[in-house]
Amino acid sequence: MEVAVIRSGMMTTVQDLGRKGHLSQGVPWGGAADSFAMRVANMLVGNPEDAAGLEVTLTGPELEFAEAAWIAVCGARFEGIPSWRPIRVEAGARVSFGKREQGCRACLAVAGGFDVPVVLGGKGTFLAGSFGGFEGRQLRDGDILRTIGASRELSGHWSLDERVLPRYSREPVIRVMPGTHAADFGESLYSGRFAVTARSNRMGTRLDGAKLIRPEAADLVSSAVAPGTIQVPPDGNPIVLMADAQTLGGYPRVAHVASVDMPLLAQLAPGDGVRFERTSVREAHAMAHASEHALALLHQGIAEKVRPA
Amino acid sequence: MKLEPLGDSAAVATLGSGIDEGTMAAVLEFTQTVLGAAKPGIIDVVPAYATVTVFYDPLHFPSGSADSFDAVSRFLQSCSSRPTNAPFHSDSRITELPVYYGGDHGPDMAVVAEHCGMSAEDVAALHASGDYLVYAIGFTPGFPYLGGLPKALQTPRRDTPRARVPAGSVGIGGVQTGVYSVESPGGWQIIGRTPVRLFRPLERQAALLRPGDKVRFRPISKAEFESWK
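These protein sequence lines are chains W and B, in that order. Okay, so the first sequence: first residue is 1 according to the working numbering, each after it adds one. Okay, so the second sequence: first residue is 1001 according to the working numbering, each after it adds one.
Honestly, the hints are just simulated from the structure, not real lab data. Predicted model only: the values in this text are computed from it and were never measured. Treat the hints loosely; a few may be bogus.
What the hints assert, rightly or not - Coverage of chain B stretches by chain W, computed from C-beta distances (three or more under 8 Å per stretch; other residues unrestricted):
| no. | region |
| --- | --- |
| 1 | 1101-1107 |
| 2 | 1133-1143 |
| 3 | 1195-1207 |
To be verified - Pairs of lysine to aspartate or glutamate, DMTMM-like flavour, derived with a Cα cap of 25 Å:
| no. | chain 1 | residue 1 | chain 2 | residue 2 |
| --- | --- | --- | --- | --- |
| 4 | W | K20 | W | D115 |
| 5 | B | K1039 | W | D50 |
| 6 | W | K305 | W | D50 |
| 7 | B | K1151 | W | D219 |
| 8 | W | K20 | B | D1213 |
| 9 | B | K1151 | B | E1114 |
| 10 | B | K1229 | W | D50 |
Think of the CB as a built atom: it goes at the ideal place given N, C-alpha and C, for glycine as much as any other residue.
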């Protein structure tokens, strides 16, 4: 089935849950910045969780569906688009994202998933490498996407219990584990609010607040970094590395965001703010297991209501 | 060997402190051992200069009393005490990269030549005179961090980075030299360009170079550069 991009929106890319196993070649994991939203969007239309969907940023697109389809939009909320539930789109209908109401990035899944080639084990767009997704780039007006045909049968009236969602907020408290150079920065990361700046993107969420200055600024030898690593360049403004971040870093690492809180960061728009509080690796693992357990229950519940037709 | 967590999904093994071939040899040997042991739950193994970072899936390890970082640490400890039969340097590869130095594709050649007090020809000859060791791949996909730049060629980075440096550009940034693997922003002084592609996403081994490889540059003429296309 064809989906025509009438308006592409500010930055819409094809994403999945990322490509693993190529970090040593300098290829980041990538995938949807809010992987929770992408997973649930796919569940809601009966897809495998790692099917290719769209990641919409700040300004949404307008899409025209050649045939009837089930879609789901999760994550950021936009006027005119119901969130966190399956939506029936009729043949020839347009799905038009209105004004952004909450969050930064929405994940749109379509039953069957978007049909794009697998590159290095993933279907997501890696912009800095110009590969993956739709022609290795963000969508433009006039593009025609293809989906893998799949019909679904949905039973009854139901919606998602929103208590299972991450604690999305414009001012979240993000849980972090201290990094290698945490001691050099004292309490400055935990002392107040940091604003998200407009220079943030899929590579990094750039923050502005208390300056994090290291007393002795010795050069570091570069080593691997990960999504969630909080690096501190010489200007003292911390950067939280996101899905498309480079794989090696040479700046001091003050802390690392717990994996379960990455969706909260992915939904911050310029002007929103964060505070940080400490957790431990052990607690972060326990939270990851708890979140996965909740998702498994959700998956089970949805699977009873969304079936292949 | 020092082990510490990198967030909740990776463990860093530190095997030295500086940039030297001995530490790099230990890093590569340890990387081979970890990859060879192929423990389930290990996703990525990233060698770089003095560290080997091992990415794992915390959900692969049961929750409860024994933490997954502890399990991965124990695995890495066992790898470090395991003797390896094949030292890495026995199979280290030498890759020759043809480079058209100067001209349109080396816009900073004059700056580097002046800084180093030599002619452009001498800069090219000296840059192509030795072997370079790949210490890590990163920054962009397939980008090699090379060690072995002659002291006489060390030149500070540009004050203002370029917004777009074409793929294949050969640069000098302080004590380092390297080749831009894909088009990207960059602040290094660009002295030439290779027609060889260092990153090919559609191939199984997408990055042409691997940590531990040796790189040798061979000066080529503009005509030879053009004929590569």
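Verification of the supplied hints:
Note: the region 1101-1107 of chain B has 0 residues with beta-carbon separation from chain W under 8 Å; the three-residue rule is not met and the coverage is violated. Counting residues of the region 1133-1143 of chain B whose beta carbon lies closer than 8 Å to any beta carbon of chain W gives 8, which meets the minimum of three for the stated coverage. Given a C-beta distance limit of less than 8 Å, the hint that chain W covers the region 1195-1207 of chain B holds, as 6 residues qualify and 3 suffice. Proposed proximity of K20/W and D115/W is supported: the alpha carbons are some 20 Å apart, at most 25 Å.
For the proposed pair K1039/B and D50/W, the alpha carbon gap of about 23 Å is at most 25 Å, so the pair holds. Taking the CA atoms of K305/W and D50/W, the gap is near 19 Å; set against the 25 Å cutoff, the hint holds. Note on K1151/B and D219/W: the hinted pairing holds, with a Cα-Cα distance of about 18 Å set against a maximum of 25 Å. A hinted pair counts as satisfied when its Cα atoms are at most 25 Å apart, and K20/W with D1213/B qualifies at roughly 23 Å.
A C-alpha spacing of about 15 Å is found between K1151/B and E1114/B, which places the hinted pair at or below 25 Å, so the restraint holds. For the hint linking K1229/B to D50/W, the alpha-carbon distance of about 38 Å lies beyond 25 Å, and the restraint is violated.
Comparing the model with each earlier hint shows violations of hints 1 and 10; every other hint is respected.
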